[in-house]
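These protein sequences, in sequence, are chains A and B. Quick note on full-length UniProt numbering: the first sequence kicks off at 1 and runs consecutively. Quick note on full-length UniProt numbering: the second sequence kicks off at 1 and runs consecutively.
There could be a bad hint or two in this list.
Copies of the same chain look alike in the list, so a pair counts if it works inside one copy or between any two.
What the hints assert, rightly or not - Restricting the straight-line Cα-Cα distance to at most 30 Å, the calculated cross-link-like pairs of lysine-lysine (DSBU-like) are:
#, residue 1, residue 2
1, K134, K103
2, K134, K158
3, K168, K134
4, K57, K134
5, K187, K29
6, K57, K140
7, K41, K140
8, K57, K187
9, K168, K39
10, K39, K187
11, K158, K103
12, K187, K158
13, K187, K41
Treat the hints as calculated values from the structure; they're not laboratory data.
There are 2 protein chains.
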Amino acid sequence: MESVTQSSKEENNVCPYTLWDNCVVFNGKWIQARQVRFKTKNNGQEGVWQSVHRNTKPVGAPADGVSIIAKVTKNAGLIDNGETAEQAAIRELREETGYTCSKVISQSVECFLDPGLTDDSQCFVICEIDGDAKENQNPKQHLDSTEAIEVVLVEHSKLLDYLRNMDKSIAVEAGLYAYAYGAHFAKIFGK
Amino acid sequence: MESVTQSSKEENNVCPYTLWDNCVVFNGKWIQARQVRFKTKNNGQEGVWQSVHRNTKPVGAPADGVSIIAKVTKNAGLIDNGETAEQAAIRELREETGYTCSKVISQSVECFLDPGLTDDSQCFVICEIDGDAKENQNPKQHLDSTEAIEVVLVEHSKLLDYLRNMDKSIAVEAGLYAYAYGAHFAKIFGK
């Protein structure tokens, strides 16, 4: 089980906690729930942490998934076996929006979606889309049979207002909201 | 069990899926793992979804937690029983950073940290800190005995560079990275 070796990063000298009794309390096809006991190194205070983990991360993959920032478009998808994060981003962008990436600008390190609860992770992949290219004139999605995705193009500077004015029955991902706040406050704070 | 009623939002007319066989596969003190069968409304394609849920959300709370954007400071904490998101933000800001909030500017709707995996959620609460006030001259944290938090002040326009140059053994939360990207691209794209 990976559950025992997974804590190696937390056990280096920087980590303020000692972990033990790591055990799997539920093991499904896609997710695994775990429980571990911990003690603070500075004062020996003990506690229990329950967390959840995807069982689908390919060996050697840089993260569980990718987030794609392609000017006004942001999508997320899981990295397939044998794929790099860049390949996953180009594929997911095409499948979920129909747009073809013309250039990958950069890629982030692995970062964690909900670290108090899970080690589920993603890389950000920054892409450029050539809106004048022939293949991007009438983009057509290539969705899996169980996916339901609507593509919405929003001007960058209007993203926060767009999210704020959306129908309240639509749930927004925190990462997209955080991105919109970052853009909003960059305008206000300037340098 | 809340697991059966929780899907009411997904079952309204906007939702492209029909859900059934919702069951709890692990129930711990802090988290619950669930499994539900789904079928697409448009073509009857079936699938199974495993997910995880916090057991700690107070009845009537607007979200599981809060993220606080206080100029250069961002923290997250769980909403306690009987607290509003605003009260939780002011309390967590004080406990985790030592800073006293001088004004709450705004609050987001509930948004979801890792929606493919869990319904764990947060509100963003935008705070102002009076850096000239006496109580903010030598801020002192009030941490729980098992918390380990270091406060780092970073210039808003330098946040993405700061994250990119951090020691690779330090894991970054995706929401903070997304915020930094938003600020970065707002500068590049302008209006």
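> For the identical chains here, do K187 and K29 meet the 30 Å Cα criterion within one copy, between copies, both, or neither?
Replying inline: neither (45 Å within a copy, 43 Å between copies)
> How would you label the pair K41, K140 (within, between, both, or neither) given a Cα cut-off of 30 Å?
Replying inline: Close across copies (21 Å), not inside one copy (54 Å); limit 30 Å.
> Between K187 and K41, at a C-alpha cutoff of 30 Å, which is it: within one copy, between copies, both, or neither?
Replying inline: neither (42 Å within a copy, 42 Å between copies)
> Is the C-alpha distance from K39 to K187 at most 30 Å within one copy, between copies, in both cases, or in neither?
Replying inline: neither (43 Å within a copy, 43 Å between copies)
>> Checking an output row: K187 and K158, CA cutoff 30 Å. Within, between, both or neither?
In response: both (11 Å within a copy, 14 Å between copies)
> Within a copy, between copies, both or neither: where do K57 and K187 come within 30 Å Cα-Cα?
Replying inline: neither (38 Å within a copy, 35 Å between copies)
> Is it within a copy, between copies, both, or neither that the alpha carbon of K168 lies no farther than 30 Å from that of K39?
Replying inline: Answer is between: at 24 Å across copies they meet the 30 Å cutoff, but 42 Å inside does not.
> Is it within, between, both, or neither for K158 and K103, if the alpha carbons may be no more than 30 Å apart?
Replying inline: Close inside one copy (25 Å) and across copies (25 Å); limit 30 Å.
>> Cα distance capped at 30 Å. Does K57 pair with K140 within a copy, between copies, both, or neither?
In response: within (28 Å within a copy, 40 Å between copies)
> How would you label the pair K134, K158 (within, between, both, or neither) given a Cα cut-off of 30 Å?
Replying inline: Within one copy only: 27 Å inside a chain, 37 Å across chains, cut-off 30 Å.
> How do K134 and K103 come out at 30 Å by Cα distance, when the copy is not named: within, between, both, or neither?
Replying inline: within (15 Å within a copy, 51 Å between copies)
> Between K168 and K134, at a C-alpha cutoff of 30 Å, which is it: within one copy, between copies, both, or neither?
Replying inline: neither (37 Å within a copy, 40 Å between copies)
This entry does not satisfy hints 3, 4, 5, 8, 10 and 13, going by the numbered hints stated previously.
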